[in-house]
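Participant: Now for the letters of each chain:
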Amino acid sequence: AQSVTQLDSQVPVFEEAPVELRCNYSSSVSVYLFWYVQYPNQGLQLLLKYLSGSTLVKGINGFEAEFNKSQTSFHLRKPSVHISDTAEYFCAVSDRRNTPLVFGKGTRLSVIA
Amino acid sequence: DVKVTQSSRYLVKRTGEKVFLECVQDMDHENMFWYRQDPGLGLRLIYFSYDVKMKEKGDIPEGYSVSREKKERFSLILESASTNQTSMYLCASRTGTSGNYNEQFFGPGTRLTVL
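Residue numbers (this note's numbering), protein chains in the order written: chain A, 1 to 113; chain B, 1 to 115.
Extracted from the complex, chain A is given alone in its bound form (with noise of 0.2 angstroms):
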């Protein structure tokens, strides 16, 4: 079974620094891999996802990931923070198309001004 580690769970960084949440999952020939945010008291909200292509991926808020299939990895990077970006972060992933996603334990980003 597929399986996800966040090696961060927690993350604090002053506004306006970059900031990397980093992410592995267990091995598999294909993978489907997501970025989900969860502000205070509310659901989760999709930043990104890979399904496939450029191994690039770029999300909303500025969000950006990289697919690096030697590594096993899907690090999410963001250039610039901001104080909004305070939240947790959730990395996901499948490895076939109609099961339920795995989630990791999650990164709490605080963005400190």
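Some residues of chain A that are not near chain B, with every Cβ distance over 12 angstroms (derived): (1) E15; (2) A17; (3) P18; (4) S27; (5) V29; (6) S54; (7) K58; (8) E64; (9) R77; (10) I83; (11) D85; (12) V111.
Cross-link-like lysine-lysine pairs, in silico, DSBU-like; alpha carbons within 35 angstroms at most: (13) A/K58 - B/K3; (14) B/K13 - A/K105; (15) B/K71 - A/K58.
To give an idea of the chain B side of the interface with chain A (calculated C-beta under 7 angstroms), a few residues: (16) F33; (17) G42; (18) L45; (19) F48; (20) E103; (21) Q104; (22) G109.
Since the hints were derived computationally from the structure, they do not count as laboratory data.
Yeah, the Cβ is synthetic: ideal placement off N, Cα and C, and Gly gets one too.
Since the structure of chain A is already known, use the hints to place chain B on it.
Facilitator: This is chain B only, laid out in the frame that chain A set:
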């Protein structure tokens, strides 16, 4: 816009009570899911349904059951609530049509406290 709604944002119940959590989606999605979210554990899948009257166990189904009598509604049932079921419950839906992998859309969550 896809909308997934959950019947309550906050719920407080007593140990031993039967609890119903309701989820409704308005996009004619075939697939629906129930997750629970706990600090440090992320989201864990309880049950899911590929279509009406269908259900599949997820990773942590013990103590829960589900009902899907209509396509738009997926109910999670706690037959006899216990304190270890205090959690945030998230419902999601997804189209089941063929093609590429489809996004799961989430509701706002129900925070359940069992006393």
